[in-house]
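2 protein chains.
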Amino acid sequence: MATIKDIAKLSGFSIGTVSRVINNRADVSPATREIIERVIREQNFQPNTNAKRLKQTMFSPVTIIVKGIGNTFLEAVLEEIQINMYLHGESINVTFLDERANCVAEAVKIIAAQNPKGLIFLGGSINNFRKDFKAVQVPSVLATGNASMLGYDNLSSFTTDDYRAAADAVEHLVQAGHRRIGILGGYPESWPEDIGALRLSGAVNALESGHADFVKDRDYEPCAFSLQGGYNAARNLLRRTPDLTALFAIGDLVAVGALKGLQDNGYRVPQDISVIGFDGIPFASYTNPRLATIKQDISLLAKRTVEDLLLRMNYQRPVLHETIPYYFVEGESIAVRHSSV
Amino acid sequence: MATIKDIAKLSGFSIGTVSRVINNRADVSPATREIIERVIREQNFQPNTNAKRLKQTMFSPVTIIVKGIGNTFLEAVLEEIQINMYLHGESINVTFLDERANCVAEAVKIIAAQNPKGLIFLGGSINNFRKDFKAVQVPSVLATGNASMLGYDNLSSFTTDDYRAAADAVEHLVQAGHRRIGILGGYPESWPEDIGALRLSGAVNALESGHADFVKDRDYEPCAFSLQGGYNAARNLLRRTPDLTALFAIGDLVAVGALKGLQDNGYRVPQDISVIGFDGIPFASYTNPRLATIKQDISLLAKRTVEDLLLRMNYQRPVLHETIPYYFVEGESIAVRHSSV
DNA sequence: ACTGATCATGAAAACGCTATCATAAAATTA
DNA sequence: TAATTTTATGATAGCGTTTTCATGATCAGT
Chain A
18 MATIKDIAKL
28 SGFSIGTVSR
38 VINNRADVSP
48 ATREIIERVI
58 REQNFQPNTN
68 AKRLKQTMFS
78 PVTIIVKGIG
88 NTFLEAVLEE
98 IQINMYLHGE
108 SINVTFLDER
118 ANCVAEAVKI
128 IAAQNPKGLI
138 FLGGSINNFR
148 KDFKAVQVPS
158 VLATGNASML
168 GYDNLSSFTT
178 DDYRAAADAV
188 EHLVQAGHRR
198 IGILGGYPES
208 WPEDIGALRL
218 SGAVNALESG
228 HADFVKDRDY
238 EPCAFSLQGG
248 YNAARNLLRR
258 TPDLTALFAI
268 GDLVAVGALK
278 GLQDNGYRVP
288 QDISVIGFDG
298 IPFASYTNPR
308 LATIKQDISL
318 LAKRTVEDLL
328 LRMNYQRPVL
338 HETIPYYFVE
348 GESIAVRHSS
358 V
Chain B
18 MATIKDIAKL
28 SGFSIGTVSR
38 VINNRADVSP
48 ATREIIERVI
58 REQNFQPNTN
68 AKRLKQTMFS
78 PVTIIVKGIG
88 NTFLEAVLEE
98 IQINMYLHGE
108 SINVTFLDER
118 ANCVAEAVKI
128 IAAQNPKGLI
138 FLGGSINNFR
148 KDFKAVQVPS
158 VLATGNASML
168 GYDNLSSFTT
178 DDYRAAADAV
188 EHLVQAGHRR
198 IGILGGYPES
208 WPEDIGALRL
218 SGAVNALESG
228 HADFVKDRDY
238 EPCAFSLQGG
248 YNAARNLLRR
258 TPDLTALFAI
268 GDLVAVGALK
278 GLQDNGYRVP
288 QDISVIGFDG
298 IPFASYTNPR
308 LATIKQDISL
318 LAKRTVEDLL
328 LRMNYQRPVL
338 HETIPYYFVE
348 GESIAVRHSS
358 V
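First to last, the protein sequences are chains A and B.
The numbering of the first sequence is this note's numbering, which starts it at 18 and goes up by one.
The numbering of the second sequence is this note's numbering, which starts it at 18 and goes up by one.
Be careful, since some hints might not be right.
[Stated by the list, open to error] With a cut-off of at most 20 Å between alpha-carbon atoms, the simulated SDA-like pairs for lysine to any residue come out as follows: (1) B:K126 - A:N40; (2) A:K69 - B:N61; (3) A:K69 - B:E107; (4) A:K22 - A:A68; (5) A:K126 - B:E107; (6) A:K22 - B:K134; (7) A:K69 - B:I128; (8) B:K69 - A:P64; (9) B:K22 - A:N40; (10) B:K26 - B:R50; (11) B:K134 - B:R50.
[What the hints assert, rightly or not] Partner residues are not named here, just some residues of chain A that face chain B (Cβ under 8 Å, in silico): (12) F30; (13) I32; (14) I57; (15) N61; (16) R70; (17) G87; (18) A129; (19) Q280; (20) N282; (21) Y284; (22) P299; (23) F300; (24) P335; (25) V336.
These are calculated hints, taken from the structure and not from any lab test.
Since the structure is predicted, the reported quantities are computational estimates derived from the model, not experimental observations.
Beta carbons are placed, not taken as given, at the ideal position from N, Cα and C, and that holds for glycine.
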């Protein structure tokens with residue numbers, strides 16, 4: 018690899034002048050510039066970024082740490098974040114963490130390795146933050162979860178009110194006349210436990226305190242947060258508890274899998290059994306029947322995340338903890354049931 | 018930010034000794050080590066990676082350049098690559114490029130900025146490589162396309178034989194008795210033109226040289242490579258050419274959208290119209306009816322990509338250009354049509 | 001107690017670059 | 001022509017590390 022010193026020697030000028038050419042400084046004579054540029058081209062010279070950064074204490078682009086590759090919802094958020102960043106003229110850099118990794122401990126390593134201007138956490142669990150986050154010295158946002166109780170002064174958070182939204186979801190089923198409602202959940206390991214736990218407890222509480230007849234051991238089936246997970250769980254739950262008339266899936270991925278699992282096992286949706294999901298992933302509008310779901314406002318979530326991070330990167334500002342609204346999306350996967358009970 | 022010098026001063030030792038502690042060298046007395054480690058902890062000191070890298074001429078992790086965020090197929094490949102890299106103990110770094118970006122020109126910037134050990138291109142078009150690739154000095158792989166004709170000695174490529182696979186896809190429709198077959202395509206801008214063009218010409222040629230009655234202007238509808246694109250295109254094409262009995266969609270995303278578009282417009286799949294896709298994305302097995310498709314061997318593609326890159330990163334090896342096998346996946350979206358024509 | 005080996009530590013050079021300052025040459029002005 | 005400004009360039013001091021080499025202290029063996 019050629020260095021600036023080589024270019025200087027070969028072109029007959031000093032490294033200072035070569036540096037000026039590299040950085041397009043004005044005070045270089047055209048003739049000199051041309052010679053040096055030719056040598057640079059000939060040698061295929063690329064200035065060493067580490068040296069440059071060391072001197073200038075520069076930073077890398079905002080890094081987004083995604084835990085759980087393959088999660089369509091997170092990918093949709095990521096896509097929106099990328100668009101927003103692009104609009105602000107910022108580029109991004111994404112690191113996918115293994116599901117098993119401790120989100121923040123790994124993130125600290127990444128910070129050390131790349132020195133990013135800012136950090137966005139996508140899909141990590143709150144619990145990961147309790148211990149290790151203090152070492153993170155960079156403006157950060159938790160884009161899917163509520164970090165207000167942690168009280169860190171460089172970690173904002175934006176999230177849907179998962180507890181209330183899940184309660185709303187089952188409420189919609191109750192409104193439609195359903196009294197025997199099952200829940201398809203997520204294993205803690207494969208799904209950020211806080212969000213999963215919030216949705217689960219939101220739904221369970223709403224059912225137990227409402228007019229429905231709900232017994233967790235009988236009517237709840239945990240599963241991997243995936244298509245396959247939903248497919249299997251729906252079948253297993255209905256085999257165990259055949260009198261259910263509706264299912265709440267803790268995520269759309271699970272719901273789409275469940276839809277197919279039900280259909281493959283001879284259940285008609287929604288005539289035999291209704292289904293509602295959670296998240297509002299793009300595919301949810303393209304299933305047959307179209308999936309009813311709780312749609313998180315992905316683009317607002319991304320917009321607020323980017324706005325806050327950029328603001329705090331450039332000015333001294335307090336962190337923010339906001340709740341993003343959600344919407345019920347009607348679908349053909351819910352049938353009205355005339356109360357026969 | 019504390020530097021190693023601060024730690025040295027505060028602990029009363031020299032920077033050399035502090036460096037030895039940081040790097041877990043053996044020749045430091047336990048007492049000294051403890052003192053220095055305490056100071057490091059107190060000061061929340063993180064060694065500056067740029068300085069470290071400069072001294073050691075280290076490199077950043079393999080960087081994957083993905084053009085076209087939101088493309089489910091590429092995300093599936095990405096997921097497999099990440100798994101394979103993880104198995105080899107390598108971490109990765111992903112940069113999502115705007116659709117409009119020139120893949121290689123951007124890559125050069127990334128190299129300048131990050132100095133990665135290796136580079137994987139996902140979803141970029143071959144044409145992007147013709148001009149700028151010479152400046153890329155790093156072992157690289159084009160994971161979705163054939164770069165053999167370019168003859169670069171640091172760019173391997175792995176790809177499905179898109180031309181032949183697309184021909185096979187329509188052949189399956191012909192085998193099932195269809196003679197009036199439409200094609201749902203992709204706009205060059207939103208889909209790597211080479212792959213799109215290959216699939217299109219493969220399908221068109223197979224139809225024109227086969228027993229089918231195909232007229233491109235009448236039976237082909239270009240569309241964005243997205244669910245929405247397929248949804249609209251299917252409707253438009255059938256409005257224009259109502260006597261089609263089968264559709265080949267140039268990608269599963271388009272096919273899934275088409276499925277819904279057809280159903281929403283009163284067509285039954287497959288009784289009224291058959292559909293076959295291309296790619297083999299996970300969602301394709303969860304549609305109703307299940308989508309017939311040409312499945313690329315995503316995990317093999319990822320495996321070979323990673324193997325080759327790692328090998329060439331560590332040893333002097335010639336580049337490889339391999340074709341990855343593909344499979345026809347049966348689905349309920351194709352009906353057998355008894356030749357009435 | 002005296003030599004030679006071992007150990008813990010410090011001093012300083014180097015990594016490749018940028019930026020400041022100094023300086024010689026050229027251009028402008030009086 | 002002398003005095004002044006402008007311009008192009010070179011020399012050099014860092015940036016924060018690692019690493020080599022040198023040095024003084026401790027230790028074992030006679």
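Check each numbered hint against the structure and report the violated ones by number, ascending.
-> 2, 3, 6, 9, 11, 12, 13, 14, 20, 21, 24, 25
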